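Chain E: place on chain B using the hints.
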Amino acid sequence: MSDDKELSPVEHIKIASNYLRGTIADGLADELTGSIAEDDTQLTKFYGFYQQDDRDLRSERKHSKLEPHFQFMLRLRLPAGVVTGEQWLKIDELAHRYANGTLRLTTRQTFQYHGVLKKHLRPLLQDAYQVGVDARGACGDVNRNVMATANPDLSALHREVHDWSIKISEHLAWKSRAYEEIFLQQKPQGEDHEPIYGKTYLPRKFKIAIAIPPENDVDMFANDIGLIAIVEDDKLVGFNIAIGGGMGSTHGDEATYPRLASVIGFATPENTLEAVEELVKIQRDHGDRSNRKHARFKYTIDDHGLGWIHEQLEERAGIKLKPAREYNFERNGDPLGWVEGDNGNWHLTLFIENGRIADFDDNGNAHYGQYHGPAGLKLMTGLRELAKIHTGEFRLTGNHNVIVANVKPEDKAKVEELVEHYGLDDGDKHSTLRHSAMACVAFPTCGLAMAESERYLPELVTKIEKIVTDAGIKDQPIVIRMTGCPNGCARPFLGEIGFVGKAPGKYNLYLGAGYNGERLNKLYRENIGEEEILAELTPIIEQYGAERNEGEPFGDFVIRAGIIAETTEGRFFHENVGSPEAA
Amino acid sequence: MKATPIQEHTSPLNAQQAQQLTALIETLTPMQVTWISGYLSGINASTASGEVAAPAQAAAPATQSEASEPLTILFGSQTGNAEDIAESLRERAEAAGLNASTHDMLDYKPKDLKKEKNVIVCVSTHGEGDPPDNAEELHAFIFGKKAPKLDGLKFSVLAFGDTSYEHFCQTGKDFDAQLEKLGGKRLTDRVDLDVDFDEAAEAWIETVVDKYKEELGGGDQPHPTVTAMPTAGGAAAPAAETYSRKNPYQAEVLENVVLNGRGSDKEVHHIEMDTEESGLVWEPGDSLGIIPENDPAVVEELIAALGLSPEEKVTGIDGEVTLQHALAHQYEITTLTRPLIEKYAVQAQNEALDKLLSEDQREALADYMHGRFIIDVVEDYPIEGITGQDFVRLLRKLPPRLYSIASSHAANPDEIHLTVAAVRYESAGRPRHGVASIHLSDRSEDAQLPIYIDHNKNFKLPENDDAPIIMVGPGTGVAPFRAFLEEREEREASGDNWLFFGAQHFLTDFYYQTDWLRWRKDGLLTRMDVAFSRDQEEKVYVQDKIRAAGKELFDWIERGATVYVCGDANAMAHDVHEALLELIGEHANLDAEGAAGYLKNLQKEKRYQRDVY
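Chains B and E, in that order, give the protein sequences.
Numbered according to UniProt numbering, the first sequence terminates at residue 583, and the numbering increases by one at each position without gaps.
Numbered according to UniProt numbering, the second sequence terminates at residue 613, and the numbering increases by one at each position without gaps.
Extracted from the complex, chain B is given alone in its bound form (with noise of 0.2 Å):
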């Protein structure tokens, strides 16, 4: 418990903010820095935006006197990745006339702009907010995105996963007018009250996600909390909760860890909502709210433990769950290509790499050479040709792909005839081992990186596509996961191969993670540069290519051929680390 500590200094920022107004308003209205107040960053995340700048350009701007490029990231709020195509269309067109002219699907199901100026956020909000979409609690210390399975082989319960998605994400979204006021620019209406998170919100984020097995697209076990929606007779019964789990960690601090979460029991539908609600209300009052690096939902359960987690649910609420059902996933990646659903539409699952959405010029360059993708793919004119002739929906994986879901039958030749003209991928324009990879953005624009991940992934997946060919696997899937920094957001911890940024050109290679997203990886080695990743990789490759059982995942080979100590819980993240020769 963290009453008698000192509270950290975000908290205090909360506390003063009257309902996240903090100055805001005035920062906006400020035309000399494209910046905003140091305090107003850390409350503008709950809008959905974090400030950064272009560090790229850092220090040649600071030699001509100019400020850092001051832009934001902004998060747009969008249960189980769901939107229509007039809201493609519109969000495209934000993109072009507030953005950089590119997209980013995230890890968690949404679109993700950079290089908004400041001038721009107000107008893009209220231009969003047209076609009903927000971006309340996309990121700060609240409840995130939710997340549902997007894969539609179920598609009459897909919709069901997503009405949850949405009803959770309504339920626990912050109320403060706060948002109308600043953004929307309505009148003030009467005294703010948060019934469910009060005055100063959560201690951290907090992520929920809701799984339909077998597929863990969603990768449910890295969530705050995750629900596994247990089928019956073809009809939701209910789902399996799961608590706890997190990415995020701190090099070098080892009281910091991923955590995958604790499947704890089943609620019935009736009282899902009650159980979630009350699991964010426990780590509302429980939470550290001194330590930032220890105020995850999963050091609180560390901390207490999962039999306190049952009293208290059933001392605050009485609530008490029924045993866990059976549930089994099978693999946390998206089958790319055409399926048929249940009500006899089609869907087909489109890959993006890195989930950037741009459209590369002759030489493969975007925005000015920020980004680099196949020369001469015009990925968002494709996109958004889709877009203007698609009736149902587009969904967004957990894998930062898209889904063009509901494609009735004597619409599919259309559909296909523009993924051919734009050459978008629909599984067979790059290799298995890239469509397994995924990269958060670090950068030049996310201020927490410590080396590249989205710019420089597409070229280490080429050459480790050299060493899977030659040793005879290129069509078996590895899933590879890279960030520039610990935080987690491409889930890094979950990777077959997982990449952390540590230094410029540097990195952490882990490996054995499960491929069905149930089982951490584990350190291998520390610190290394390209030559030794690949002089790493290549004898492992080689050898789970001449010695792996049939179906053999290679996370789970590289455990059982003795290469790497497995992860079975997050707490024994720091153990055993490195090969067993190296230790």
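It should be emphasised that the hints constitute simulated quantities derived from the structure, not laboratory data.
The structure presented is a predicted model; accordingly, all values stated were derived computationally and were not measured.
There may be inaccurate statements among the hints.
[Claimed, not checked] Pairs of lysine to any residue, SDA-like flavour, derived with a Cα cap of 25 Å:
1) K551/E - E531/B
2) K266/E - G369/B
3) K62/B - D522/E
4) K119/B - R518/E
5) K119/B - E415/E
6) K266/E - S35/B
7) K539/E - N291/B
8) K65/B - R527/E
9) K62/B - E415/E
10) K266/E - Q126/B
11) K119/B - N256/E
12) K65/B - D107/E
13) K65/B - N256/E
Using the frame of chain B, we list chain E on its own:
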């Protein structure tokens, strides 16, 4: 009458006397003031004649007044060149025993003109043939309905200008013609000075002093308190300074950074020069003169166009040098002027060129000159067999360029900072660039740059550190205000400071943004309003921001603020002027004439100062 309070330390009066006199003056009508000043000079004359032992200096004018009629030297200029020469003239005239006095046209009562017997006008021209700010009122007066008959007036005019402008020396010409028209008698022919005026001005002073001495007689004894030598850098130069336009300091460039961010259409350099060993002293508002060097590539191109050898010997400004050296270091080789084309045409004997110079082709000539340089004339109208000597004889001396100083001597005595817009463009099928700006921007590394201080008395911080100031400086016009704020920071001046800045784009053209932000945070910069014209569909300029702040801005003026405007003379300064008139009219509840009077009065009180170019 409004009286500037008499300070004990600036007058021989004690505190009580000062207070009584100030109080009395405030009750007087202008007519009463005139009467009292006459009365007092009467008393003074009688004391000087022996009743009280007066200091020798005070006695001298009285003696001289018997010897000669007063000679009134009026000067009007934006930068102070006319003033410097006027002061030199006065000293030389006094040395010759003449009873001379100098007056800033701004402070001179137009009505007094009719009482004058001898007037010498030193006046510059700016913009499109317009008078400088401080000459505006007198200029308007002599052309207006109230202009007096000036029979019996003897006058001379010295005009300052730049032949690269179409309306060269227009204001001087106006004075010269109008004084004659009003009945005055021209004692010496008007002399029109180009940017390189030192020698011509010196010669003119000699002529004029001789002529007036001949006309007015004057005492035989030279004035006891002045020397016959004109001061090197003008009368305003501090005594310690030894460097001047004729004897520039060779400064090393310490830093040269582009102030624009990536993707800007502009290229403005911040340049820092080492002045540690120079002893140069300047005040905020002063300019730095730079004697530039022509671009070697341009020199080479020109010599090739002439079909000459760079090694050809010519007699340049100071003796025999190679053509290459003369063109690189001594002569203006780019800017086209009408006089140059006229001289060139004499040698060219080209019918088409002669036609272009005829009176009815003025517009065609202006069109031709626009965007062209000397090399274009050389190529378009080649002269068979021209020699290097023939060619350099056509040219004028490479004039120095002036830049507003962007740093305070008090804050940074060892460095001088400039804000230089690199001038590069393409016209008439050829890339062009400015001589000095490109010398500074591209070729100043490891080079010694000849510099000197050009003082500008007409653009100065208020002496009172508590007085508020309002600064309007879009683009590179913001340079002196950086010096102003550095100075006020160094002096711990408590007066409020308000800056208006404008440029094309916030992201890339916000010159010295980090300095302003720091000063705002420290509380020195009380308020700053910015206008970035191209960041939105509708263009927004500083004058729009001034209008929007009308009430507050007027309140600042009412509580004693001085308004400074620096930058582009053509559009900006005019638009800002109009905006000021508008807001004064609105908030002082005055009609157009009233507002103009209000602003004119501010100008007289030196509370509306402009450095526009």
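Hint check:
| no. | hint | verdict |
| --- | --- | --- |
| 1 | K551/E - E531/B | 67 Å, violated |
| 2 | K266/E - G369/B | 22 Å, holds |
| 3 | K62/B - D522/E | 19 Å, holds |
| 4 | K119/B - R518/E | 22 Å, holds |
| 5 | K119/B - E415/E | 38 Å, violated |
| 6 | K266/E - S35/B | 23 Å, holds |
| 7 | K539/E - N291/B | 49 Å, violated |
| 8 | K65/B - R527/E | 19 Å, holds |
| 9 | K62/B - E415/E | 20 Å, holds |
| 10 | K266/E - Q126/B | 33 Å, violated |
| 11 | K119/B - N256/E | 32 Å, violated |
| 12 | K65/B - D107/E | 41 Å, violated |
| 13 | K65/B - N256/E | 12 Å, holds |
Violated hints, listed in ascending order, are 1, 5, 7, 10, 11 and 12; each of the other numbered hints is respected by the structure.
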